[in-house]
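**Student:** Full structure from sequences and hints, please.
As a plain string of letters, each chain reads:
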Amino acid sequence: MSEHDHHHHGGEHDRPLSGPALRVKALESLLVEKGLVDPKALDELIDTYETKVGPRNGARVVARAWVDPAYKQRLLADAGAAIAEFGFVGRGEDIVALENTPTVRNLVVCTLCSCYPWPVLGLPPVWYKSAPYRARAVIDPRGVLKELGGEVADDVEVRVWDSTAELRYLVLPERPAGTEGWSEEQLAEIVTRDAMIGVARVTVPAGSGR
Amino acid sequence: MTTSIPREAGLGALPALPRDEGGPVFKAPWEAQAFAMTLSLHARGAFTWREWADALAAELAAAAARGEPDDGTHYYEHWLAALEKLAAGKELVPGDELERRVGEWDAAARATPHGKPIELPRR
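Heads up: the protein sequence lines correspond to chains A and B, in order.
Residue numbering for the first sequence follows our numbering, starting at 77 and increasing by one per position.
Residue numbering for the second sequence follows our numbering, starting at -19 and increasing by one per position.
Certain hints may be false.
[Stated by the list, open to error] Just a few of them, taken from the derived set where beta-carbon distance is under 7 Å, the chain A residues facing chain B: (1) Val108; (2) Gly111; (3) Leu112; (4) Val113; (5) Leu118; (6) Cys189; (7) Lys205; (8) Val228; (9) Val232; (10) Ala241; (11) Thr255.
These are calculated hints, taken from the structure and not from any lab test.
C-beta: ideal position from N, C-alpha, C; glycine also.
**Tutor:** Right, here's the structure in full:
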């Protein structure tokens, strides 16, 4: 059994195994017995999505696009291939990079469920999966942006992109002023998950860079 | 595809947008397990990603239709329900077999002293 089995005491419930955790345990044990899933592969997947992937992959893609105009062109022309240059590959779904400019802001949502560019952003945050975000991103994207990432001027166009099982989106945010001369690694550190979903801008935190 | 943006609609009816601070996306290990099982089954061709997306969307829509507040906190419960139904529909794990196994694990958990690993009796 996996190491995840050893966390079942000392939690908020007295019952060591109950509710959905019990059902997952039952389902997993049947699937493993039937040879339909490999418990080692499960643990590797969990580790990958929890720690190795995450938004850091996407941040590296964005930082390279900022410093390398040829890479940026490749990214905007064929994001899947450009992202694969880093070795980040998904499960066959297409991915499109959306460039923010001073006059265009892109916002990504999945109105149906929670389709998300996992290979570059890891697992989606709780709010991305919530019904209010899924509905409001379409109905009132300016209101969503105002709440999450600062107001958007009236003359800036807001484009909302609805993800599907076959097609995912990665926002290429604007490079912030004051980062001239920064290295790709320095830039990657300031690129946030929210900026790559499109709900926030990239800003220069006090004391970062050089 | 792009979605057109109507400017005004009934915003007040929607609860405040929940946020996180970039914290853990899984609130409990079982959520990550359910997630990984789904990817693993898809990877071996047990179902297409379109079938999965449809099953999950159906569960989320059913929860909304029941009037459950969907702020993302019960998301993986819907995920698990979708996975159970898809596994039954694809005849990977029949529903009655799953319920029997749930009962067995429940009994084993209750019979296990605190702090010991829970195991099913050998058969």
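**Student:** For each hint, tell me whether it holds in the structure or not.
**Tutor:** The hints, checked one at a time:
{"no.": "1", "hint": "Val108", "result": "10 Å, violated"}
{"no.": "2", "hint": "Gly111", "result": "10 Å, violated"}
{"no.": "3", "hint": "Leu112", "result": "6 Å, holds"}
{"no.": "4", "hint": "Val113", "result": "5 Å, holds"}
{"no.": "5", "hint": "Leu118", "result": "4 Å, holds"}
{"no.": "6", "hint": "Cys189", "result": "5 Å, holds"}
{"no.": "7", "hint": "Lys205", "result": "5 Å, holds"}
{"no.": "8", "hint": "Val228", "result": "12 Å, violated"}
{"no.": "9", "hint": "Val232", "result": "13 Å, violated"}
{"no.": "10", "hint": "Ala241", "result": "4 Å, holds"}
{"no.": "11", "hint": "Thr255", "result": "21 Å, violated"}
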